[in-house]
Amino acid sequence: MSGRLELLSEQGLRLDGRRPHELRHIKCKLGVFEQPDGSAYMEQGNTKVLAAVYGPHQAKAKKAEGNELIINCQYSQATFSTSERKNRPRGDRKSQEFKMYLQQALSAAIKSELYPRSQIDIYVEVLQADGANYAVSLNAATLALIDAGICLNEFVVACTASLSKSNIPLTDISHVEEVSGGPKLTIAALPTAEKIAFMEMSERFHIDQLETVIETAMAGCREIRDILEAAVKEHLIHIGSAADWARVC
Amino acid sequence: MAYVALSEAEKTFILHGVEVISSVPLFNSLFKVSLFLQEDFRCDGRSRRDYRPMELETGLVSNASGSARLRLANTDILVGVKTEIDVPNPLTPEFGKIEFFVDCSANATPEFEGRGGSDLAQELILSLQNAYESPLAFDYRTLCLIPGQQCWKLYIDILILECGGNLHDAVSLAAKAALYNTKLPRVTATLLDAGITDLIISDNPYDCTRIGTDAVPLLVTVCKIGDYCLVDPTAEEEVCSTVSMVVSVSMRNETPFLSGTHMTGGGSMHRDTMLNCIQLGLSMGEQLNKLLVKMLKAEETRVGPKRPKTVGFLK
Amino acid sequence: MSTNAMIELALDRVDWNDLAGNQEQLPRVFTPGEVLMPESGFMRGHGTFVEEENIVASVAGVIEKVNKLISVRPLKSRYVGEIGDVVVARVLEVGQKRWRVDTNSRLDSTLLLSSVNLPGGELRRRSAEDEQMMRHYLDEGDLISAEVQNIFEEGTLSLYTRSLKYGKLSQGMLVKVFPALVKRRKMHFHNLPCGASVILGNNGYIWIAPTKGEEQEGGEGGFVQNLNEVVPRSEREVIARLRNCILALAKCKLMLYDTSIQYAYEESLKYEPRELLQQHVMFDIGQQTQARLRDVDLVD
Chain X
1 MSGRLELLSE QGLRLDGRRP HELRHIKCKL GVFEQPDGSA YMEQGNTKVL AAVYGPHQAK
61 AKKAEGNELI INCQYSQATF STSERKNRPR GDRKSQEFKM YLQQALSAAI KSELYPRSQI
121 DIYVEVLQAD GANYAVSLNA ATLALIDAGI CLNEFVVACT ASLSKSNIPL TDISHVEEVS
181 GGPKLTIAAL PTAEKIAFME MSERFHIDQL ETVIETAMAG CREIRDILEA AVKEHLIHIG
241 SAADWARVC
Chain R
1 MAYVALSEAE KTFILHGVEV ISSVPLFNSL FKVSLFLQED FRCDGRSRRD YRPMELETGL
61 VSNASGSARL RLANTDILVG VKTEIDVPNP LTPEFGKIEF FVDCSANATP EFEGRGGSDL
121 AQELILSLQN AYESPLAFDY RTLCLIPGQQ CWKLYIDILI LECGGNLHDA VSLAAKAALY
181 NTKLPRVTAT LLDAGITDLI ISDNPYDCTR IGTDAVPLLV TVCKIGDYCL VDPTAEEEVC
241 STVSMVVSVS MRNETPFLSG THMTGGGSMH RDTMLNCIQL GLSMGEQLNK LLVKMLKAEE
301 TRVGPKRPKT VGFLK
Chain V
1 MSTNAMIELA LDRVDWNDLA GNQEQLPRVF TPGEVLMPES GFMRGHGTFV EEENIVASVA
61 GVIEKVNKLI SVRPLKSRYV GEIGDVVVAR VLEVGQKRWR VDTNSRLDST LLLSSVNLPG
121 GELRRRSAED EQMMRHYLDE GDLISAEVQN IFEEGTLSLY TRSLKYGKLS QGMLVKVFPA
181 LVKRRKMHFH NLPCGASVIL GNNGYIWIAP TKGEEQEGGE GGFVQNLNEV VPRSEREVIA
241 RLRNCILALA KCKLMLYDTS IQYAYEESLK YEPRELLQQH VMFDIGQQTQ ARLRDVDLVD
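Going line by line, the protein sequences match chains X, R and V. Each residue of the first sequence is one higher than the one before, starting from 1 at the first, in this note's numbering. Each residue of the second sequence is one higher than the one before, starting from 1 at the first, in this note's numbering. Each residue of the third sequence is one higher than the one before, starting from 1 at the first, in this note's numbering.
So that you can see chain X by itself, here it is in the shape it has in the complex (with noise of 0.2 Å):
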């Protein structure tokens, strides 16, 4: 494991000054379009994202293979997202892979029963991308799905962790820890029931750490959950006060 950066000081702290297991400032909104049936804002440290939800609507005729929901995403990345220019917004292999793993984690949260003949469309612009750029779309996606009023089994959200040099698991890695050459294990987790809805690991590490590499995932997971759930609670209390719960009553 030689040849890449220390990612802790001695004091124990990270590049950022966090501490191994701390997330970065989360800050989100819900309903910042009109036009879409549901979207959402989210910003994890540097990392900005929109989502947009269209429908579900009437699945289209050449797309439908017997009555099943189709979820289409597509993942776009803004070309002034990142230090040095993207030529393009999407159609590399990241954005392709990355759409992907978008429907995969999707897939396993959205109540896809109850929607037969219909389409889902999903999509994700990076506005600016400073690690964790999958992560953190699937965390708006999923902010935006609730906001379209879609039904879930439960928040599907995800979180990346790494591992230092000194084998200390990192939580929610930024651009700079990423590129540093550290392993990188991304996670989408149903947190409550405790699934994994997808993952992805690269560079290599002994796979007795992997254990911990995970739970330390698993445990971002489980604070992104409580973070984006009261988010979703205080955007229900808000847009609910304003009409006095008569749409309730």
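Just so you know, the hints here were simulated from the structure itself, not pulled from any lab data. Think of the CB as a built atom: it goes at the ideal place given N, C-alpha and C, for glycine as much as any other residue. Do not rely on the hints blindly, as some may be mistaken.
[Unchecked claim] Computed footprint of chain R on chain V, listed as stretches where at least three residues anywhere in the stretch have a Cβ under 8 Å from a Cβ of chain R:
hint, segment
1, 3-12
2, 134-145
3, 166-176
4, 225-233
5, 251-264
6, 276-287
[As the list claims (entries may be wrong)] Below, a list of computed lysine to any residue pairs in the SDA-like style, where the Cα atoms sit at most 25 Å apart:
hint, chain 1, residue 1, chain 2, residue 2
7, X, Lys165, X, Leu8
8, V, Lys68, X, Lys165
9, R, Lys97, R, Thr273
10, X, Lys94, R, Gly116
11, X, Lys165, X, Gly45
12, X, Lys60, V, Lys186
13, V, Lys183, V, Val238
14, X, Lys86, R, Ala215
15, V, Lys186, V, Ile83
16, R, Lys306, V, Val14
Given chain X, work out where chains R and V should sit, using these hints.
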């Protein structure tokens, strides 16, 4: 353009609102029509020369040298300016370079998914390129570092997040605001042996230069509905229009100049109408430009040089 | 030639949450995956599912109990139709013996040729000629008002317009809001005292049009559109003002029904119709309307 379905009756309603309501004979010259302009009343209560309220914020993308977000009713544009050092074109050794890129995000409408928005994006890029082409509209010399050797290249990356009509105007306003916000690191050239110059780029993020944006053009879409011309069409009004003029207006010494114009849409218009459209566009462009500059300065004074935080998409 | 253009700074953006105010009794809100209660003795309704003998929420919203039926209603979603609902819909496609229409539902809805009134009396048989004339009656893009007659197995709504109050819509304006903002009431057609009529579709599509005179009453239900008639300026002003008021209420997340719209309209009179597009004005209208609605609630 995002597809908006309208019935004949809805179109008629929009059309009648744009036209003079009382049975006043129609004149072709703008001067005579303006006598009755008080009569016009669009679906949202505006007159033919009114814009919908806009909202502006600059400096909200930290990875870009300059950025701006402009919301015009439901139209939402985010622009980031990225910079890079390049070699000038041999034909114009003293000029820097600008490249536009427009991406229509699928967040705006599912029709833009994949390559669905590329035609619209291309149209917007061409309009902007046209408008910025003249060195009098944009002073390319300010981007020159060493004539014939090194210059700045600006990438103006435009992201369309929501579509509510009148994209050209919104995009050009956002681009100008982003350029105003752009900070280029200060570059000093040192002469090395054998006539080779070396560039030293300042590391200090506050040691930077700005781009002159006084003459940077704005686009004004003048949309012809029925026999009349109006500005800032909504998406529904765009459907009712057969032809529009995109007029690009560049200010110099407090006077509006035309820095390019083209027609969009399938229809045709009379020569007099076209001239009237251009006149209207110039006049609107001048006022928009004043307003934009005023608000950019107001924002600058309020946030100060070290911006504490941005509003962005929160709140 | 001067223009009314206005650029505001994001720094001054209105905080719409300020309308929430201080509420003493907040209902409990649930989020997807949250356990509502043990299943025993209850039935699960919309927005819930059963897992490990518990009823669990699948959407974010408020709990609703009707006898033993437990459901969670999201505060925003696509339109979920119920039989008897009034909707405003747009024709997407003319098919054989049926029109495919958009009602903002999960699936496209259907209007059968046998569910519309044809010219020449209600009890006429549908002939092959009628089938050929379908596009003449309702073409793609046309708007109709209708009632939900039936819900097919997979959720497709079947509409009908066989009542004189339903049918093709003539000149006017469509405003789209989230369906949950339209209050379910007995009446969805209103001739407002301000001088225009609105159809508050349960599906969130709201139609604003000039009020029809007495002699034209009952003229709807057919397929007549008077495209030569010019709506006078005075009526246009009312319609534009209503449009902007409805959008302001929707922006403030206030419920839409005849009273709230009428209040908003009255509060808006101190502004020009075009000023109602400004966020601060929209906020003001929302706040004033909210205050008046709360006063009425107190009296009740």
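So, going through the hints one by one against the coordinates:
{"no.": "1", "hint": "3-12", "verdict": "holds (count 9)"}
{"no.": "2", "hint": "134-145", "verdict": "holds (count 5)"}
{"no.": "3", "hint": "166-176", "verdict": "holds (count 6)"}
{"no.": "4", "hint": "225-233", "verdict": "holds (count 6)"}
{"no.": "5", "hint": "251-264", "verdict": "violated (count 0)"}
{"no.": "6", "hint": "276-287", "verdict": "holds (count 4)"}
{"no.": "7", "hint": "Lys165/X with Leu8/X", "verdict": "8 Å, holds"}
{"no.": "8", "hint": "Lys68/V with Lys165/X", "verdict": "58 Å, violated"}
{"no.": "9", "hint": "Lys97/R with Thr273/R", "verdict": "36 Å, violated"}
{"no.": "10", "hint": "Lys94/X with Gly116/R", "verdict": "20 Å, holds"}
{"no.": "11", "hint": "Lys165/X with Gly45/X", "verdict": "23 Å, holds"}
{"no.": "12", "hint": "Lys60/X with Lys186/V", "verdict": "35 Å, violated"}
{"no.": "13", "hint": "Lys183/V with Val238/V", "verdict": "22 Å, holds"}
{"no.": "14", "hint": "Lys86/X with Ala215/R", "verdict": "29 Å, violated"}
{"no.": "15", "hint": "Lys186/V with Ile83/V", "verdict": "13 Å, holds"}
{"no.": "16", "hint": "Lys306/R with Val14/V", "verdict": "24 Å, holds"}
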